Structure formats: C-alpha cells, structure tokens
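Top to bottom, those sequences are chains A and B.
In terms of the working numbering, the first sequence opens at residue 1 and continues consecutively.
In terms of the working numbering, the second sequence opens at residue 195 and continues consecutively.
None of these hints come from the bench; they were simulated from the model.
Heads up, some of the hints might be wrong.
[Said to hold, decoys possible] Residues from chain B shown here face chain A by an in silico Cβ test under 8 angstroms; the list is partial:
hint	residue
1	236
2	270
3	273
4	274
5	277
6	285
7	288
8	291
[Unchecked claim] Straight-line alpha carbon distances no greater than 25 angstroms define the calculated DMTMM-like cross-link-like pairs of lysine to aspartate or glutamate that follow:
hint	chain 1	residue 1	chain 2	residue 2
9	A	187	B	303
10	A	187	B	255
11	A	187	B	280
12	A	42	B	310
13	A	187	A	36
14	A	42	B	290
15	A	187	B	226
These numbers come from a predicted model, not from an experiment.
Built from N, CA and C at the ideal position, the CB exists for glycine as well.
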Amino acid sequence: MKTPVLALAATLPLLAGTPAASPSEGAAWVHIRVEEPRQGSKVHVNLPMPALEAVLKAAPDAVASGGHIHLGGHRRGHDHELEVEDFRRLWMELRNAGDAEIVSVEEGDERVNVSRKGDLVLVRVQEDGGRETVHVDLPVALVDALFSGAGDELNVRAALAELRRLRGDVVRVEDHDSTVRIWIDEKADSDGGK
Amino acid sequence: MLLKIGAVLASIPITLGTVVAATGIMVVDVKDKDGTRIVIPVPLLVAQTAAGLAPAQAAADAVDRELARARPYLPAAEEFLAALADGPDFELVRVDEGDEHVRIDKVGDLLRVSVDSPRENVKVNVPFDLAREVLRRTREGRVSPADLVAAVRQARLTQLVDVRDGGEHVTITVW
Chain A
1 MKTPVLALAA TLPLLAGTPA ASPSEGAAWV HIRVEEPRQG SKVHVNLPMP
51 ALEAVLKAAP DAVASGGHIH LGGHRRGHDH ELEVEDFRRL WMELRNAGDA
101 EIVSVEEGDE RVNVSRKGDL VLVRVQEDGG RETVHVDLPV ALVDALFSGA
151 GDELNVRAAL AELRRLRGDV VRVEDHDSTV RIWIDEKADS DGGK
Chain B
195 MLLKIGAVLA SIPITLGTVV AATGIMVVDV KDKDGTRIVI PVPLLVAQTA
245 AGLAPAQAAA DAVDRELARA RPYLPAAEEF LAALADGPDF ELVRVDEGDE
295 HVRIDKVGDL LRVSVDSPRE NVKVNVPFDL AREVLRRTRE GRVSPADLVA
345 AVRQARLTQL VDVRDGGEHV TITVW
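Required output: the full structure, derived from the provided sequences and hints.
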C-alpha cells in the first residue's frame with residue numbers, strides 16, 4: 001500500500017494552484033477512489049477543481065518544499081534526492097525525442113518503465129511478477145507546464161491549467177490487496193464509468 | 195397605577211424573551227432509552243458570557259499549542275471551505291468499511307458528516323459560515339471558548355448534532 005500512497009502524494013501537487021471558475025460552472029472534478037477488497041474498504045473522494053486550486057493558492061509552500069522532490073527511500077531506508085532543476089533539464093532533453101523509452105530499470109523483482117507515447121508520458125511500475133502495478137499516464141503538455149517554472153520551482157499553476165483540460169484516468173495503482181484510481185471528469189459523483 | 199406596574203412587570207420577561215430569541219438559543223434534547231427526556235435550552239448570550247468568564251487559560255494554552263503546527267494551513271482550509279460553499283451540493287467523501295459508513299456531503303450551506311454503524315448513528319451539520327469563522331478567529335489569534343460560542347450564534351436554525359446510540363437519542367439545535 002506504500003506505492004499507492006506515494007502515487008497519490010506525487011499526484012496531488014499537480015491537482016491544484018490557480019483561481020478559477022465556480023465548481024457549478026461545469027468545471028472539472030477530481031475523483032479519488034481507494035478500494036481494499038480484503039478489508040471490505042472503499043474510500044471515495046470527489047473534489048471540485050476550484051477547491052483544490054484554492055488550497056494550493058493559499059498554501060504554496062506545500063507544493064514543492066524548497067523546490068525539492070523526494071524520491072523513493074521508503075523501502076530501503078535511504079533517499080534519492082533530486083533537484084527540480086535536474087528533472088527539468090532531463091525532461092527538456094527527452095521531450096523532443098518522440099516516442100521512446102525514457103527510463104527502464106529492473107532491480108530484483110521490480111521493473112520501472114517511463115516512456116513517451118504520443119502525447120502521453122507513461123509511467124509503469126511492476127513488482128513481484130505483477131503483484132503491484134503503478135500505472136500513471138501524464139500528458140506531455142502537463143509535464144511541460146509543470147517544468148515551465150524557474151529555478152527550483154514547479155509551475156503548479158500552469159500544470160493546473162492543463163489539468164483543467166484533462167479528462168480521464170490520471171493515476172491507477174493496483175497491488176495485491178488494494179487499488180487506487182484518480183481521474184478527472186465533469187461529474188460530481190464518483191461512478192466514473194468504472 | 196396598577197396597570198402601569200403590571201405593564202412594566204410584564205415587559206421584563208417579554209424583553210428578556212425577545213433578547214434571548216434575538217441572540218439565539220441552543221437546545222440540547224436528550225432522550226434516554228428508558229423514556230426519560232431532558233430538554234435544556236441554553237441562551238447563547240448567557241453561554242457566551244459564561245464562557246468569557248470561565249477560567250479557561252490552561253485549556254486555551256493547550257489548544258494554542260496543538261494549533262501551532264496547523265496554523266500555517268488554516269488559510270488554505272478557509273479557501274477550501276469557501277470554494278466548497280460556492281459549489282453545488284455533492285458528496286465529498288464516502289468511506290465504507292464493512293458495516294460502518296462515513297459520508298461527508300455538501301448540502302446547501304452545510305457540511306454534513308454522517309457516521310453510521312450498527313451500534314450508533316451520528317450526524318453532524320457544520321455550517322460553512324461557522325467553520326470559516328472559527329478558522330478565521332483561530333488564524334488571527336487564540337480562539338477562546340467565548341469565541342466558539344459566538345461563532346455558534348451564526349448557526350441559527352440548524353440542527354448541529356444528532357446522535358443515536360442504542361436507545362439513546364441526543365440532538366443539539368441552535369434556534
């Protein structure tokens with residue numbers, strides 16, 4: 001369940017940042033669904049985009065503390081800390097490469113694959129023969145917007161402007177006892193057609 | 195002369211009643227499983243005055259310490275509530291775990307929290323204005339018991355709490 005939590009944590013900063021229209025004006029709704037069938041547990045959260053925007057507008061420091069993103073380390077007890085600037089430089093070099101495999105890591109029973117396919121950046125993590133799967137689809141425009149800030153800052157506001165246009169699944173995580181799904185549509189309820 | 199005295203005497207409870215009605219009454223209604231029913235009307239003006247006089251410094255210090263870490267995030271919480279309040283009615287959170295269910299809905303001017311389990315049912319209605327007022331006061335400084343009671347006065351004509359536990363039923367309503 002740690003990977004789903006990490007996926008959520010990584011995605012939430014993307015889901016906020018600028019003033020916008022009232023949620024009653026057909027604005028986007030962000031839906032988060034976490035299910036743990038073994039525990040008989042289901043959590044549904046529905047958030048109007050303006051509410052998320054309001055939160056990050058009022059708490060900008062929470063978006064990227066000190067301009068740093070903390071990666072991994074939860075499992076093996078050590079952090080790999082990369083500057084936002086490092087990610088930006090890497091992204092700028094890769095974004096024009098067209099469809100390509102950007103990152104592929106195999107370590108023990110874990111496989112991490114980041115690739116570009118059309119207008120999407122696909123992040124896939126598989127563990128222990130498919131026991132845990134992380135499935136993240138990010139539009140290239142969204143990543144572009146996120147890295148359009150200066151220095152060590154992620155441009156969350158620009159990313160949010162892209163998110164407002166985004167519809168469909170953003171994150172899907174499945175492991176042996178839980179599933180997490182985050183998607184965006186224009187409905188207040190969380191059925192999401194799935 | 196007697197008529198004047200009678201009029202003056204009669205005006206006292208009428209005036210008091212008018213002041214109490216104008217400033218709000220919190221009614222605590224307790225129904226016990228044995229059929230006993232206790233209704234306690236609490237004039238909010240009196241409660242606010244009493245809360246202001248209460249020696250609550252230690253409690254206020256404890257609350258202030260607890261809020262120290264949360265205080266930077268209070269503006270975000272205020273903005274979040276404001277955005278929710280401006281939106282349509284919707285289900286914000288639903289948690290189902292076995293036979294326990296928690297729901298948080300935005301219904302009109304209220305944030306409605308419902309907790310249902312085989313043993314108890316709890317419904318709490320939090321007016322957005324009340325929540326934002328408490329957050330604002332907390333952000334601007336210490337929030338005292340008197341401040342909380344004053345904020346409750348913004349929740350007129352609202353059933354704040356409805357708890358059913360076994361055969362007991364408790365409601366708290368602000369009139």
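Hints that the structure is at odds with (numbers, increasing): Numbers 1, 10 and 15, in rising order.
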